[in-house]
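Chain by chain, the residues:
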Amino acid sequence: MKRDEIIKTIEGAELCPGNAGVVKVPLSQFRKVAEGLRYDKESPMDFLREVVGVDWGEEGLGAVYFMESTVTGETAALKVVSDDRETALLPTVSDLWKTALIKEREAYDFLGIRFTGHPDMRRLFLREDWIGWPLRKDYDMKSNPLRLDNEINADITREYRLRKDGTLEGIDHPIFGENDFVVNMGPQHPSTHGALRMRIGLDGEVITKVDPILGYIHRGIEKMNESLTYPQTLGMTDRLDYLSAHQSRHALCMCIEKAAGIEVTERVKYIRTIMDELQRIDSHLLFYSCLVLDMGAMTPFFYGFREREMILDIFEETTGGRLIQHYNLIGGVQDDIHPTFCQKVKEFIAHLRKVIPDYHRIFTGNVIADTRLKGVGMLSKEDAISLGCTGGTGRASGWANDVRKRHPYGLYDKIDFKQITYDGCDSFSRYMVRMDEIMESCRIIEQLIDNIPEGEYRVKTKPIIKLPEGIWTSAVETSRGEFGVMIESHGDKTPYRMHFRSTGLPLVQAMDTMCRGWKFADLIAIGASADFVIPDIDR
Amino acid sequence: MEVKKMAPIRSMKYEEFKNNDYLEGLVRQLNDEGAGVILTTVDRLINWGRSNSVWGLLLGTSCCAIEFMALGAARYDMARFGFEVTRNSPRQADVLVVMGTITYRTAPVMKRLYDQMAEPKYVVAVGGCTISGGPFIKSYNVVNGIDQIIPVDVYIPGCPPRPEAFYYGLMQLQRKMKVERFLGGVNGKDLQHEPNGKKEKGGDE
Amino acid sequence: MNDYYNLEALTSVIHAALCGVMPEWVALTIECVIVGVIIILLYAVLAVIMIYMERKVCAAFQCRIGPNRVGGKGGLLQVPADVLKILIKEIFTPAHVDKFLYSLAPYLVILASVFTFSCLPWNNGGLILHMNIGIFFVLAASSIGVLGILLAGWSSDSKYTLMGAMRSGAMIISYELSIGISVLTMVVMAGTMDIHELVMGQADGWNIFKGHIPAILAFIIYLIAGNAEANRGPFDLAEAEQELTAGYHTEYSGMHFGFFYLAEYMNLFITAGIATTIFLGGWMPLHVPGLDGFNAVMDYIPGIVWFLGKTFLVIFLLMWIRWTYPRLRIDQILTLEWKYLMPSALVVLVLMTFCTLMGWTF
Numbered sequence: 001m002k003r004d005e006i007i008k009t010i011e012g013a014e015l016c017p018g019n020a021g022v023v024k025v026p027l028s029q030f031r032k033v034a035e036g037l038r039y040d041k042e043s044p045m046d047f048l049r050e051v052v053g054v055d056w057g058e059e060g061l062g063a064v065y066f067m068e069s070t071v072t073g074e075t076a077a078l079k080v081v082s083d084d085r086e087t088a089l090l091p092t093v094s095d096l097w098k099t100a101l102i103k104e105r106e107a108y109d110f111l112g113i114r115f116t117g118h119p120d121m122r123r124l125f126l127r128e129d130w131i132g133w134p135l136r137k138d139y140d141m142k143s144n145p146l147r148l149d150n151e152i153n154a155d156i157t158r159e160y161r162l163r164k165d166g167t168l169e170g171i172d173h174p175i176f177g178e179n180d181f182v183v184n185m186g187p188q189h190p191s192t193h194g195a196l197r198m199r200i201g202l203d204g205e206v207i208t209k210v211d212p213i214l215g216y217i218h219r220g221i222e223k224m225n226e227s228l229t230y231p232q233t234l235g236m237t238d239r240l241d242y243l244s245a246h247q248s249r250h251a252l253c254m255c256i257e258k259a260a261g262i263e264v265t266e267r268v269k270y271i272r273t274i275m276d277e278l279q280r281i282d283s284h285l286l287f288y289s290c291l292v293l294d295m296g297a298m299t300p301f302f303y304g305f306r307e308r309e310m311i312l313d314i315f316e317e318t319t320g321g322r323l324i325q326h327y328n329l330i331g332g333v334q335d336d337i338h339p340t341f342c343q344k345v346k347e348f349i350a351h352l353r354k355v356i357p358d359y360h361r362i363f364t365g366n367v368i369a370d371t372r373l374k375g376v377g378m379l380s381k382e383d384a385i386s387l388g389c390t391g392g393t394g395r396a397s398g399w400a401n402d403v404r405k406r407h408p409y410g411l412y413d414k415i416d417f418k419q420i421t422y423d424g425c426d427s428f429s430r431y432m433v434r435m436d437e438i439m440e441s442c443r444i445i446e447q448l449i450d451n452i453p454e455g456e457y458r459v460k461t462k463p464i465i466k467l468p469e470g471i472w473t474s475a476v477e478t479s480r481g482e483f484g485v486m487i488e489s490h491g492d493k494t495p496y497r498m499h500f501r502s503t504g505l506p507l508v509q510a511m512d513t514m515c516r517g518w519k520f521a522d523l524i525a526i527g528a529s530a531d532f533v534i535p536d537i538d539r
Numbered sequence: 001m002e003v004k005k006m007a008p009i010r011s012m013k014y015e016e017f018k019n020n021d022y023l024e025g026l027v028r029q030l031n032d033e034g035a036g037v038i039l040t041t042v043d044r045l046i047n048w049g050r051s052n053s054v055w056g057l058l059l060g061t062s063c064c065a066i067e068f069m070a071l072g073a074a075r076y077d078m079a080r081f082g083f084e085v086t087r088n089s090p091r092q093a094d095v096l097v098v099m100g101t102i103t104y105r106t107a108p109v110m111k112r113l114y115d116q117m118a119e120p121k122y123v124v125a126v127g128g129c130t131i132s133g134g135p136f137i138k139s140y141n142v143v144n145g146i147d148q149i150i151p152v153d154v155y156i157p158g159c160p161p162r163p164e165a166f167y168y169g170l171m172q173l174q175r176k177m178k179v180e181r182f183l184g185g186v187n188g189k190d191l192q193h194e195p196n197g198k199k200e201k202g203g204d205e
Numbered sequence: 001m002n003d004y005y006n007l008e009a010l011t012s013v014i015h016a017a018l019c020g021v022m023p024e025w026v027a028l029t030i031e032c033v034i035v036g037v038i039i040i041l042l043y044a045v046l047a048v049i050m051i052y053m054e055r056k057v058c059a060a061f062q063c064r065i066g067p068n069r070v071g072g073k074g075g076l077l078q079v080p081a082d083v084l085k086i087l088i089k090e091i092f093t094p095a096h097v098d099k100f101l102y103s104l105a106p107y108l109v110i111l112a113s114v115f116t117f118s119c120l121p122w123n124n125g126g127l128i129l130h131m132n133i134g135i136f137f138v139l140a141a142s143s144i145g146v147l148g149i150l151l152a153g154w155s156s157d158s159k160y161t162l163m164g165a166m167r168s169g170a171m172i173i174s175y176e177l178s179i180g181i182s183v184l185t186m187v188v189m190a191g192t193m194d195i196h197e198l199v200m201g202q203a204d205g206w207n208i209f210k211g212h213i214p215a216i217l218a219f220i221i222y223l224i225a226g227n228a229e230a231n232r233g234p235f236d237l238a239e240a241e242q243e244l245t246a247g248y249h250t251e252y253s254g255m256h257f258g259f260f261y262l263a264e265y266m267n268l269f270i271t272a273g274i275a276t277t278i279f280l281g282g283w284m285p286l287h288v289p290g291l292d293g294f295n296a297v298m299d300y301i302p303g304i305v306w307f308l309g310k311t312f313l314v315i316f317l318l319m320w321i322r323w324t325y326p327r328l329r330i331d332q333i334l335t336l337e338w339k340y341l342m343p344s345a346l347v348v349l350v351l352m353t354f355c356t357l358m359g360w361t362f
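Protein chains in written order, with this note's numbering: chain A, 1 to 539; chain B, 1 to 205; chain C, 1 to 362.
Listed below are the simulated EDC-like cross-link pairs for lysine to aspartate or glutamate, each with C-alpha atoms no more than 16 Å apart in a straight line:
#	chain 1	residue 1	chain 2	residue 2
1	C	K159	A	D180
2	A	K41	A	E74
3	A	K344	A	E316
4	C	K159	A	D203
5	A	K269	A	D450
6	C	K159	A	E205
7	A	K381	A	D423
8	B	K138	A	E226
9	A	K269	A	E456
10	A	K137	A	D83
11	A	K344	A	E317
12	A	K414	A	E446
13	C	K339	C	E176
14	A	K209	A	D180
15	B	K111	A	E151
16	A	K346	A	E317
17	A	K209	A	D155
18	C	K159	C	D98
19	B	K138	A	D140
20	B	K111	A	D149
21	A	K344	A	E307
Quick look at which bits of chain A chain B covers, simulated, 3 or more residues with Cβ under 8 Å:
#	segment
22	142-148
23	234-242
24	296-310
25	322-328
It is worth saying that the hints were derived from the structure and are not from the lab.
C-beta: ideal position from N, C-alpha, C; glycine also.
Please construct the entire structure, taking both the sequences and the accompanying hints into account.
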């Protein structure tokens with residue numbers, strides 16, 4: 001195990017409590033350890049799952065790095081702390097993992113930790129003229145009142161470097177080239193799927209650079225969670241990725257259950273798994289609708305929504321909600337399934353199997369669709385891993401990254417299903433992955449729906465849930481990738497830090513890689529095929 | 001000639017709507033200011049046109065926008081009511097439909113969109129977040145109600161509202177449009193509304 | 001030959017009566033005004049019908065009902081309500097635009113469309129602008145529209161409108177070639193550029209039958225290019241909503257936007273109308289040589305019914321395409337035109353010339 005090796009060889013390294021197996025390494029040794037893990041001969045940790053900035057109060061500011069090897073599946077987690085609160089500096093790892101480029105910006109934005117050597121230290125979610133660092137424990141919530149003056153976005157980024165004598169040096173980089181025609185897209189734009197903004201450098205119609213500007217729907221969920229009790233925090237997950245409401249909530253419930261040692265019944269596992277898969281079908285149908293709409297074909301959009309309404313009916317009968325259901329609870333689900341649930345699900349799946357060929361007939365085989373999607377927006381497997389593009393986008397680049405296979409939860413280790421991967425690396429593969437996953441989800445549900453065991457739909461939990469001290473994590477495969485939860489508990493009834501791994505953030509970052517050299521019109525198709533949901537990115 | 005209090009909506013009874021007192025207040029104000037025979041007839045024609053052709057500019061930031069898509073799709077089909085066209089250019093839209101949380105970063109953008117719209121313009125606030133900040137009211141980055149920034153005509157509560165609620169809210173907007181005077185501003189909205197603070201009562205609150 | 005509904009009798013009676021009570025130039029002026037009013041009314045009414053048809057047709061394709069509440073059953077008054085609303089909507093000029101060009105552009109677009117519109121043969125004797133180079137005039141007048149689009153995009157001082165205008169400029173100018181060549185193909189066959197004679201020449205069978213293979217090929221090329229010329233899907237990338245919000249008319253509001261909107265629909269009508277005139281016999285009823293009884297029955301149907309019927313059939317075809325296909329990309333559109341459509345149009349032209357020379361047409 002890497003963990004034991006690090007503890008043995010690195011002086012001052014220690015294991016933190018919790019199920020995540022986080023190893024705290026001294027700041028001076030961090031960069032060496034990270035490089036060692038990244039370029040390990042047997043199991044190179046090439047997938048950086050998450051960088052979570054944390055304010056540890058007296059101990060200092062720092063970050064937790066979660067990484068995984070795509071070769072062996074081994075995981076590792078590092079914690080590094082800088083005890084200087086005034087000018088907290090950490091060495092960047094963005095040269096080892098591309099995904100750190102955006103994740104370190106997030107940590108900078110929230111906590112004011114500057115990463116030396118990172119080429120683009122700008123704010124990510126908050127206004128560029130924001131004062132203070134909101135996720136610090138000593139942040140004054142009233143320090144930034146509502147302002148209505150237009151925000152001026154910088155055209156240069158700043159890189160910080162440490163000189164030999166220990167002083168800090170700033171170097172400026174321009175974002176766009178001199179001859180770029182910069183077009184602003186969003187936040188109010190019909191095909192950014194929400195309040196996403198991108199600045200696009202164009203040469204004629206050819207894209208030279210995509211610079212996403214996020215935070216137009218940054219609601220500060222992580223900060224709010226720090227003052228909410230565990231059952232209260234559940235409400236926020238549904239509103240992150242509203243098309244994966246069940247799944248995100250499943251992840252948080254699982255994480256709390258794991259930490260508090262609550263065992264759920266078999267029946268709950270069945271219900272949760274079925275609901276997750278229904279949600280996946282729902283989301284993928286919406287993906288189909290939006291992709292075709294963004295490419296200018298209106299009619300198939302309505303077909304997707306027609307079938308989606310049927311799923312919403314099923315959801316509504318059992319959970320009472322259409323889009324946001326609040327169904328999973330700690331220790332089970334809110335209500336038992338509706339008496340006609342199983343029958344309706346079976347009818348729906350039979351119906352879906354009949355209509356999916358129609359979807360393909362109207363769009364997939366279409367000559368215009370083919371030329372617009374095939375070979376467009378390439379994302380190589382190496383890039384997908386380095387950028388951390390999980391979910392269908394990564395699987396379309398040939399990276400088998402399904403959490404349901406890698407770290408099975410629910411009932412996924414007991415059922416037989418295929419992990420859909422394509423090697424095309426293009427928009428068309430990304431589209432086909434989702435379409436095939438609809439059929440695969442149908443198969444999963446069919447295996448479960450007749451065998452739901454009798455039992456409690458919810459186990460009794462203590463009225464006040466307190467988690468033992470430590471760092472706890474869990475991950476699920478949502479409709480668009482790996483959604484992770486990290487809870488740092490100090491033994492209270494509220495989390496000390498609760499972080500969600502956004503599925504969409506790496507995808508937005510990857511837009512630059514995917515779009516360069518393609519036409520402006522392709523950006524829309526590529527964005528739609530990457531399938532991100534903005535509130536999940538911004539949190 | 002008096003303006004009748006009814007602002008009829010096909011196949012919905014007057015009594016089935018809530019907040020009728022608000023509408024009656026508008027009618028009373030109209031009558032007090034004197035509604036001439038010709039003007040009233042012209043107004044009625046104009047209002048008929050306006051209320052039956054509500055083109056939306058969508059500012060959908062989160063969940064509510066998905067429910068709005070469901071509204072446009074086949075089962076709920078908002079095309080039936082004259083809300084069919086959504087224009088993506090603020091110049092051509094009649095109503096700004098704000099759906100989802102408005103953060104501090106989005107707020108100036110929303111204000112600008114509102115300013116860019118051509119008169120007459122209306123605003124519908126959809127969902128708890130838009131109306132008051134919703135579940136995120138305590139956040140450091142969320143606007144607690146867009147009526148602090150722009151005047152709102154109709155509030156549609158819910159998280160997210162069901163498509164039926166959307167219809168109810170949009171019908172209330174139609175009713176409001178139906179008791180208006182072409183000359184003399186849109187219900188004197190610009191006079192009534194003071195930015196930052198005073199809440200104008202909407203149809204469905 | 002159908003003479004029951006010849007409008008020429010009516011118009012000459014009116015002309016004679018007017019000349020009896022006033023000098024001829026006054027009579028002519030009055031007639032011009034009346035005809036002008038009729039054109040504009042017809043233009044507006046047809047646009048309303050077209051928009052309503054588009055909404056209902058797309059609703060039918062999309063398993064929806066479409067407008068059905070405004071103005072009785074079927075939502076017949078939906079579009080008049082829209083028109084009324086847009087008429088009284090504020091027309092507003094942004095601060096940084098080139099004011100003269102900005103205000104000129106919508107009128108250029110609508111002017112081109114009305115000019116072309118007036119050349120359509122509605123009925124026997126119902127041709128409004130009759131000249132011996134009618135087809136040539138149609139092609140020339142329709143090209144003014146692209147000027148309006150380019151001006152709109154340029155003068156609005158917005159990146160989106162500029163991109164929309166550049167796209168549509170490149171596209172429309174390219175596709176005009178194919179349209180010109182495919183129309184020329186039929187002119188070669190018919191031997192005239194006069195719209196009236198072109199229609200009269202189809203009394204013994206529509207051109208698409210008379211010209212058989214080359215005519216059908218030219219018809220297909222014309223439909224594709226005409227669809228592009230009318231800026232409609234899958235070629236609607238000038239105002240590609242999903243990319244450019246509203247394309248070249250993003251900054252226009254009120255009736256100025258309304259002009260673009262109307263012109264867009266009327267260009268579709270004109271495209272279909274010219275297709276009808278050139279390929280499908282205009283107002284000419286369906287005549288099958290040899291079946292005199294059948295031909296006589298067909299003659300009882302007024303020419304305007306034939307014309308509108310055929311035109312709306314072509315429109316339906318184009319709408320069907322519009323609501324089925326995704327949008328093409330700009331380079332793909334230009335590739336399609338320059339590498340495939342125009343060369344094949346040229347080949348068809350040569351083929352048709354050869355056929356006509358050899359007398360292989362009917």
